[in-house]
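S.K.: Each protein sequence line maps, in turn, to chains X and F. First residue of the first sequence: -18, per the numbering used here; consecutive thereafter. First residue of the second sequence: 143, per the numbering used here; consecutive thereafter.
What the hints contain is simulated information worked out from the structure, not anything from laboratory work. C-beta: ideal position from N, C-alpha, C; glycine also. Treat the hints with caution; some may be incorrect.
Said to hold, decoys possible - Facing chain X, from chain F, some residues (calculated, C-beta under 10 angstroms): (1) Gly145; (2) Gln159; (3) Tyr175; (4) Gln179; (5) Pro185; (6) Leu187; (7) Glu192; (8) Ala235; (9) Pro249; (10) Gly250; (11) Leu253.
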Amino acid sequence: RKEVEQDPGPFNVPEGATVAFNCTYSNSASQSFFWYRQDCRKEPKLLMSVYSSGNEDGRFTAQLNRASQYISLLIRDSKLSDSATYLCVVKRTGNTPLVFGKGTRLSVIA
Amino acid sequence: EAGVVQSPRYKIIEKKQPVAFWCNPISGHNTLYWYRQNLGQGPELLIRYENEEAVDDSQLPKDRFSAERLKGVDSTLKIQPAELGDSAVYLCASSPGTGGFEQYFGPGTRLTVT
């Protein structure tokens, strides 16, 4: 079983729609969680960290459920520019590296 | 502020040939990472440096891959000899440290082995 699992999609949604991605992680020692965004043929960039209490950044809301070991990303009022691959990322405690999921591809259609 | 710089951006080589990638991290970033990203997959860590010390190279195929980070700044990743399965994007990233800091990625080197 992969340490971080995501539905690869693609999710094809119309502009203005609300879309949600889930991600599950297998290692209960995971302590830090992130969503990265990767545009086609570009490098990944940090979209937002995920905090235990949940957090919001504009149209983006991230939530963490430690008991069920999953993370979610909600995008409201989708824009064409939101089209990208969204990578779920986890990190264990201590001096450990980030572990990336395969990513979920989103296409927002006009 | 300049970002992570990588070169070359693209490389096409025949199998069994050697290839090298170069990375210059963001100034002041002590931690440097090399990742490999296959099509439709997330980045997978190959090696991580703290300054000039390789602290995690467990995923580096040591029979053909090597890396160095002399003086704790620039880094090179080498493959010799390359195999068809090495075709991928090789990403370099840096961060101020390891504990929860944001990683900044370079644009990557897209390697095609024919």
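S.K.: Hint by hint, say whether it matches the structure.
M.R.: Checked hints:
| no. | hint | verdict |
| --- | --- | --- |
| 1 | Gly145 | holds (9 angstroms) |
| 2 | Gln159 | violated (24 angstroms) |
| 3 | Tyr175 | holds (7 angstroms) |
| 4 | Gln179 | holds (9 angstroms) |
| 5 | Pro185 | holds (5 angstroms) |
| 6 | Leu187 | holds (5 angstroms) |
| 7 | Glu192 | holds (8 angstroms) |
| 8 | Ala235 | holds (8 angstroms) |
| 9 | Pro249 | holds (5 angstroms) |
| 10 | Gly250 | holds (6 angstroms) |
| 11 | Leu253 | violated (14 angstroms) |
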